[in-house]
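Can you build the whole structure from these sequences, using the hints too?
Number of protein chains: 2
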Amino acid sequence: MKRLYGLALTGLLSANVMAAQEPIEPVKAYQSDNPDKVELGKKLYFDPRLSKSGFISCNSCHNLSMGGTDNMPTSIGHNWALGPINAPTVLNSSLNLAQFWDGRAKDLKEQAGGPIANPEEMGFTHALAIEVLETIPAYKASFQQVYNKDMIDIDQVTDAIAEFEKTLVTPDSPFDRYLKGDKYAISEQAQKGYALFKSTGCTACHNGEAVGGNSYQKMGVVKPYETNNPAAGRSAVTGKEIDRFAFKVPTLRNIELTYPYFHDGAVWKLEDAVDVMAEIQLGRKLEDQQIDQITAFLKTLTGKQPSFQLPQLPPSTASTPHPDAG
Amino acid sequence: MKRLYGLALTGLLSANVMAAQEPIEPVKAYQSDNPDKVELGKKLYFDPRLSKSGFISCNSCHNLSMGGTDNMPTSIGHNWALGPINAPTVLNSSLNLAQFWDGRAKDLKEQAGGPIANPEEMGFTHALAIEVLETIPAYKASFQQVYNKDMIDIDQVTDAIAEFEKTLVTPDSPFDRYLKGDKYAISEQAQKGYALFKSTGCTACHNGEAVGGNSYQKMGVVKPYETNNPAAGRSAVTGKEIDRFAFKVPTLRNIELTYPYFHDGAVWKLEDAVDVMAEIQLGRKLEDQQIDQITAFLKTLTGKQPSFQLPQLPPSTASTPHPDAG
Numbered sequence: 001m002k003r004l005y006g007l008a009l010t011g012l013l014s015a016n017v018m019a020a021q022e023p024i025e026p027v028k029a030y031q032s033d034n035p036d037k038v039e040l041g042k043k044l045y046f047d048p049r050l051s052k053s054g055f056i057s058c059n060s061c062h063n064l065s066m067g068g069t070d071n072m073p074t075s076i077g078h079n080w081a082l083g084p085i086n087a088p089t090v091l092n093s094s095l096n097l098a099q100f101w102d103g104r105a106k107d108l109k110e111q112a113g114g115p116i117a118n119p120e121e122m123g124f125t126h127a128l129a130i131e132v133l134e135t136i137p138a139y140k141a142s143f144q145q146v147y148n149k150d151m152i153d154i155d156q157v158t159d160a161i162a163e164f165e166k167t168l169v170t171p172d173s174p175f176d177r178y179l180k181g182d183k184y185a186i187s188e189q190a191q192k193g194y195a196l197f198k199s200t201g202c203t204a205c206h207n208g209e210a211v212g213g214n215s216y217q218k219m220g221v222v223k224p225y226e227t228n229n230p231a232a233g234r235s236a237v238t239g240k241e242i243d244r245f246a247f248k249v250p251t252l253r254n255i256e257l258t259y260p261y262f263h264d265g266a267v268w269k270l271e272d273a274v275d276v277m278a279e280i281q282l283g284r285k286l287e288d289q290q291i292d293q294i295t296a297f298l299k300t301l302t303g304k305q306p307s308f309q310l311p312q313l314p315p316s317t318a319s320t321p322h323p324d325a326g
Numbered sequence: 001m002k003r004l005y006g007l008a009l010t011g012l013l014s015a016n017v018m019a020a021q022e023p024i025e026p027v028k029a030y031q032s033d034n035p036d037k038v039e040l041g042k043k044l045y046f047d048p049r050l051s052k053s054g055f056i057s058c059n060s061c062h063n064l065s066m067g068g069t070d071n072m073p074t075s076i077g078h079n080w081a082l083g084p085i086n087a088p089t090v091l092n093s094s095l096n097l098a099q100f101w102d103g104r105a106k107d108l109k110e111q112a113g114g115p116i117a118n119p120e121e122m123g124f125t126h127a128l129a130i131e132v133l134e135t136i137p138a139y140k141a142s143f144q145q146v147y148n149k150d151m152i153d154i155d156q157v158t159d160a161i162a163e164f165e166k167t168l169v170t171p172d173s174p175f176d177r178y179l180k181g182d183k184y185a186i187s188e189q190a191q192k193g194y195a196l197f198k199s200t201g202c203t204a205c206h207n208g209e210a211v212g213g214n215s216y217q218k219m220g221v222v223k224p225y226e227t228n229n230p231a232a233g234r235s236a237v238t239g240k241e242i243d244r245f246a247f248k249v250p251t252l253r254n255i256e257l258t259y260p261y262f263h264d265g266a267v268w269k270l271e272d273a274v275d276v277m278a279e280i281q282l283g284r285k286l287e288d289q290q291i292d293q294i295t296a297f298l299k300t301l302t303g304k305q306p307s308f309q310l311p312q313l314p315p316s317t318a319s320t321p322h323p324d325a326g
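Chains as they are written, first to last, in the working numbering: chain A, 1 to 326; chain B, 1 to 326.
One should not assume that every hint holds.
Which copy is meant is left open, so a pair is good if it fits within one copy or across any two.
[What the hints assert, rightly or not] Below 25 Å or equal to it, Euclidean Cα-Cα: the simulated SDA-like pairs (lysine to any residue) are:
id, residue 1, residue 2
1, K180, A296
2, K285, I154
3, K43, P311
4, K106, K285
If you're looking for bench data, these hints aren't it; they were derived computationally from the structure.
Structure, rendered in structure tokens:
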């Protein structure tokens, strides 16, 4: 027994050593030190009263029942406007080096204000959103408890939403359990896919805790990516021609849930996305079997999805401005 | 001790006798004998893939975070169409004698098919919705487990949604606790409001477990109700002129959460709704104090809201038809 225990221990140690040498790290759960702020942010995330119409919430396009996305090429916004770019998943987005495809928001707090005031998304203004919240006693009390200020402001709103979003990490995927030493956590095919994922060069960009999200890269390094989508990418932020068509590398965590793929949402099948990426980023034409293996690996990146009670929103009052669908 | 126990028992007995004589009955919790069906129905209720756009689910307009309504005069549907009538709450809707304002669906199962195929609501067809579900293995397995048939059909879909909706009753409101003998469960003002609610005649229509929902009544019995809404009401179903402008009496359960009020959603303030109802249905002009008392009573009808984990939806596959926002 002692000897067996010794062997098991050695196994665990070598697994840990292995994990340390791998380009991908397990996702760590997030423990907020302010549960009240998380609860407030969760309500705001689900509250369509932050939109002009009273119909669209953060969860409309970053749906936590669907991998933190809307599973559409581009989102539907106010007055049925179709968005210019694919809605990235909110899951594990705290691990990104910046927010939006072009990184124009430095963090989740800065990001959260964008869609509220975007005429083609939630179509509101920050001032009107605050006016709504100020008239709802339960919100008023929660904000005062969390921020201890007389008035609600947009900084508090986006700070609370961001704190909730930080909890939306997805630990404990089969691949993470494999990384931590459970060699039966993923299939042999997925293991082959992971080996290929590394040897083909995918991990040059898709690495770290989020398997992406930590650099900008040109879409079409080796071969141009053909699209009708007009997004300029990172150059819209930096003004530098060299950044044209560079985008934040998306996380591959939960990739099975976050179709369709790429910034234009043009590719629906994960196998096709793998095929295109290898070709235009790495100059490699993969065989079908290899694509299937990498796809099998990618599907092991689906982690524990957000798990909480459906929030109950406090009702409006007689002084709350009415929603305006027009 | 024995004597005290005897007194307490007498108190309970007289409370039960009181409840039996009251026009309103406490809401009973619903225990489904088929939890798998409830879980399946819950997923379908939250799944926007039952709409053409992939954007609108049952929960979009009957939002379980907002009293089972969308808190809009009329709903936003496919392509931002504005609906013809206020979306009634799904909460306690199993207690209604029929569904929709005009009662054109005999039960929740019959109702559930309507919005899916309504061009101005979810904008889909039943056949296409089934085609989507058939391509999603986890749905396929759930349907086979619950219904034991080779193919999914619309009857199964609406049956599962209806079974979930039956669980959306809201027991344990302060008023129900009062009815059951806890005389401190509602304020003195609310008690006065309840007495007025009965003596004014409101309970002629708003009675029973749902405090409504069990009869059709003309909107404007004593005095016409002025509205721009063209809905004909019950006559659209019966073809009888006498039923013109008759609507199903709405439940008053959770009325604080289900604004705006009436079939046209024209009235936002509960006090105003009470005022109008007394005038046009009962020919009574209430004083402000009386309106406040009745409103205080009505707010005690908010019961235990739906309480469950946010559902996780199974992902689409390569053969799933794509959403179509157009």
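Please write out, lowest number first, the hints stated earlier that are contradicted by the structure. 2 and 4
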